[in-house]
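Each chain is listed here by its residues.
2 protein chains.
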Amino acid sequence: MELLKNKILQEGKVLSESVLKVDSFLNHQIDPELMQEIGKEFATRFADSNITKILSIESSGIAPAMMAGLYLGVPVIFARKRKSLTLTDHLYTSSVHSFTKNETNDISVSKDFLLADDVVLVIDDFLANGQAVHGLVDIIEQAKAQLAGVGIVIEKGFQPGGAAIREQGIRVESLANIRSLVNGKVEFFSEVNAK
Amino acid sequence: MELLKNKILQEGKVLSESVLKVDSFLNHQIDPELMQEIGKEFATRFADSNITKILSIESSGIAPAMMAGLYLGVPVIFARKRKSLTLTDHLYTSSVHSFTKNETNDISVSKDFLLADDVVLVIDDFLANGQAVHGLVDIIEQAKAQLAGVGIVIEKGFQPGGAAIREQGIRVESLANIRSLVNGKVEFFSEVNAK
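Here the protein sequences come in this chain order: A and B. Just so you know, the first sequence maps onto residues 1009 to 1203 in the numbering used here. Just so you know, the second sequence maps onto residues 1009 to 1203 in the numbering used here.
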């Protein structure tokens, strides 16, 4: 998605060979018009998948997920993150480790909102090691719902998450797929390689 | 806002005389079309305020704030919540107590995104005791930015937060203002009283 790649090139800050900061438009400050275009792009890519629900995770997944939900005409659920859950009645839960923050959180979704006849699109802001996506897919499996695919705003394609998820036969659509952050420079995979 | 009030009457669950659960369309599952209408309503109410930025707080404030930002044509910042902040360089921070969760969190906003010439609209999902709004207003004051007002999706008008904020001379616009949850029944203030 050219608009997004240009925004990353203009405003993204390469902090190391593995860390890209995009908090001027995605993670802390949000550009609503860019999110709208991102939502339309996800809706176009998954237009034929009969999506009934979008599943994302707080906090940075919410904005792109909601815009995708608007243009697909379906509700959006965001999984809640907690250090540890004590009351798990009526919740689907999974455990997600963040390598960036070096912490493990329980994520949860109410059983009220994810049903066995749902066809679910997972949306998240970043895909690196794939832990959050694995947790969300685990919850969809617990609900016996169908997974239609995964939509990612920015994939760090040089990290193993995306490949591992695609090897499971899951469709992953990344709107920008980063090949390298070496020497402070953002390089993308071409669109063809990215899929 | 009639659409919102009807949604609350249809789907809101009164758990006690002070707790209203709206996690089917606002706090956990999100109704994107309702959020779009909420965003338009905030944009209409604050159309003449020369807003340059919206400030909200993760996680449930993000969806309505982003839609308001889309229709006002301005960026949205969401304050981050942490149990305690160790690195506060380059951050505006404040402390927010949640009576519901009985916990205190530090909230923070990067100094990069809130500037002295900004005119800021605060948006949040709920207003009850007003602690989150106080924290956000504190951060706006630290940034020496101008506060244009506060937009709330659901105010619990029988709790003291809204009155205290209005007494400071701050404009508060609540799209639904609840007068009472007694006997499991949601009663609203009329629109005139709500302002």
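Simulated from the structure, these hints should not be mistaken for lab results. Treat the numbers as computed from the prediction; the structure is a model and nothing was measured. Mixed in with the good hints, there may be bad ones.
As the list makes no split between identical chains, a pair holds if one copy fits it or if it spans any two.
Pairs of lysine-lysine residues, derived as BS3-like cross-links and limited to a Cα-Cα distance of at most 27 Å, are as follows [to be verified]:
id, residue 1, residue 2
1, 1109, 1091
2, 1015, 1091
3, 1193, 1152
4, 1152, 1029
5, 1048, 1015
These are the hints, each one checked on the structure:
1. 1109 - 1091: both (12 Å within a copy, 14 Å between copies)
2. 1015 - 1091: neither (33 Å within a copy, 32 Å between copies)
3. 1193 - 1152: neither (42 Å within a copy, 35 Å between copies)
4. 1152 - 1029: Between copies only: 26 Å across, 36 Å inside.
5. 1048 - 1015: So residue 1048 and residue 1015 pass the 27 Å test inside a copy (17 Å) and across (26 Å) alike.
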